[in-house]
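Using the sequences and the hints given, assemble the complete structure.
There are 2 protein chains.
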Amino acid sequence: MLRRKFIQSSAMILPATGLLSFTQKYSHYKNTPLDIGIAGYTFVHYSLDDSIAIMKRLNIRYLSVKDFHLPLDSSPAQVKEILDKYKAGGIEVYTVGVIYMKTEAEVDRAFDYAKRVGVNMIVGVPTYDLLNYTEKKVRAYDIKMAIHNHGPEDKLYPGPDDIYNRINKMDKRMGICLDIGHALRAGSDLVRSVKDFAPRIFDLHIKDVSAAQADAKSIEAGRGAIEFKPFVDALRSIGYTGKCSIEYEKDMKDLVPGLAESIGYFRGIMAC
Amino acid sequence: MLRRKFIQSSAMILPATGLLSFTQKYSHYKNTPLDIGIAGYTFVHYSLDDSIAIMKRLNIRYLSVKDFHLPLDSSPAQVKEILDKYKAGGIEVYTVGVIYMKTEAEVDRAFDYAKRVGVNMIVGVPTYDLLNYTEKKVRAYDIKMAIHNHGPEDKLYPGPDDIYNRINKMDKRMGICLDIGHALRAGSDLVRSVKDFAPRIFDLHIKDVSAAQADAKSIEAGRGAIEFKPFVDALRSIGYTGKCSIEYEKDMKDLVPGLAESIGYFRGIMAC
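Protein chains in written order, with my numbering: chain A, 438 to 709; chain B, 438 to 709.
It cannot be assumed that every hint is accurate.
No distinction is drawn between identical chains; accordingly, a pair holds when it is met within one copy or between any pair of copies.
The calculated lysine-lysine pairs, modelled on BS3-like cross-linking and capped at a C-alpha distance of 25 Å, are [stated by the list, open to error]:
#1 K581 <-> K517
#2 K690 <-> K493
#3 K573 <-> K606
#4 K632 <-> K517
In case anyone wonders, no lab produced these hints; they're calculated from the structure. As the structure is a computational prediction, the values presented were derived from the model and not from experiment.
Here it is in structure tokens:
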């Protein structure tokens, strides 16, 4: 089944001759200072190679890699092999995650992994009792921790305020990966969140949801309840310099049309 | 080959259960008064059924139908059968074309066809010597003629000015289908064209091109040389009430990713 999907997606995303060089040659997004990336979970049903081909086709250069494509226990040699594949595709792995941590050993593993991968940030979810230990590791490794909010069902961090209130007195390298879809479902005001938590917003998961309510569903960007223009204006107002990683969670076994539409929509918003 | 493509595209666009009703239920484009359609030539390598499935997947409601999906010599019964297919897909055929006319008989055929299809506009290219005859038919049928510009290679109408200068003294139902990609390649100023030719702009072919030069290539909207925001602002400034039909002419045998990205981009621009 998945195999079939891979074949379909491969067939679908295999570009016409010279497409990539052509695309890269002419690619320039006017008035678009923000880098677009992809949150790796988007590719949960795709092979590593297919995910790279899709990112190339959609002209995406940055990836928050998920462990199913770069396992947590990868040896330095295995890390290099996989990073080389991404590099060959013109893709930079700028962070890792989302990594869930329930024990100090899992925190240790996450930081050792991030160091092996060579990134300066982890998108993660440490339990409350691990926050102080996580802060120690952030200082020891000089690797930032961007804690991810996962909406109303999330017992720990439904919205960005639930993160901010626990880390705002901590080391400045403790911050937030703001997932705007989950935040809206959790009742957050996205513009307010960007402005209030500005110095702690390290990463973004960009998506749309069908409504501003807890049980809303993922949907193509622009078809849902999120007001993208005020959100992007707010990012510009705080001088956000991180990535904007699209996370597409609808039709995840056949995601290219909706992912492409969502990326196009966000690029359109950023061009205004 | 094409058959294989159809199968792939079908496999690719077959939605997850309930997708369409879900999409339609939640679809609403904020600050977007302009209707997005598709210029039928986009689907030159796709079957009628696949083109409908793609439009449903991308939430497109309006089509400028091309003769390879609705033949010019279709009987009333054949027209009804095909229009019923589009209606079942939630798609309204709002115009026909592009139809090239080199003889009075071809003009007669185009107007009889448009009348059978039940549209109030033809996107067409009558030769200069047929313009007066075309105007007579416009009056006799009360069907508008939107003449299409096709860029520097077009011996008749490279840019919208080449159309406007020949029809601006004619019946008000003689107008322009402004193809912005071909117009840019022909050296037109898109904002100027929209404002100067406002009352005569009946339809639009929306696309991007790699550069503002004659030999530029088609490219995903937002990756090229067209400044979409000023163009859309100009459309709003003249109170444009026609459709904005995306015409995607890159990777035409595997067009969904680029078409979806282009539609998303244009929706993003319109949402600002």
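Have a look at K632 and K517 and pick one of within, between, both or neither, based on CA distance no larger than 25 Å. For K632 and K517, neither the intra-copy (38 Å) nor the inter-copy (56 Å) Cα distance is at most 25 Å.
At most 25 Å between CA atoms: does that hold for K573 and K606 within a copy, between copies, both, or neither? Result: close within a single copy only, 14 Å intra versus 78 Å inter.
If the cut is 25 Å between Cα atoms, do K690 and K493 qualify within a copy, between copies, both or neither? Result: close both inside a copy and across copies, 18 Å intra and 18 Å inter.
If the cut is 25 Å between Cα atoms, do K581 and K517 qualify within a copy, between copies, both or neither? within (22 Å within a copy, 63 Å between copies)
When each numbered hint is compared with the structure, a violation occurs for hint 4 only.
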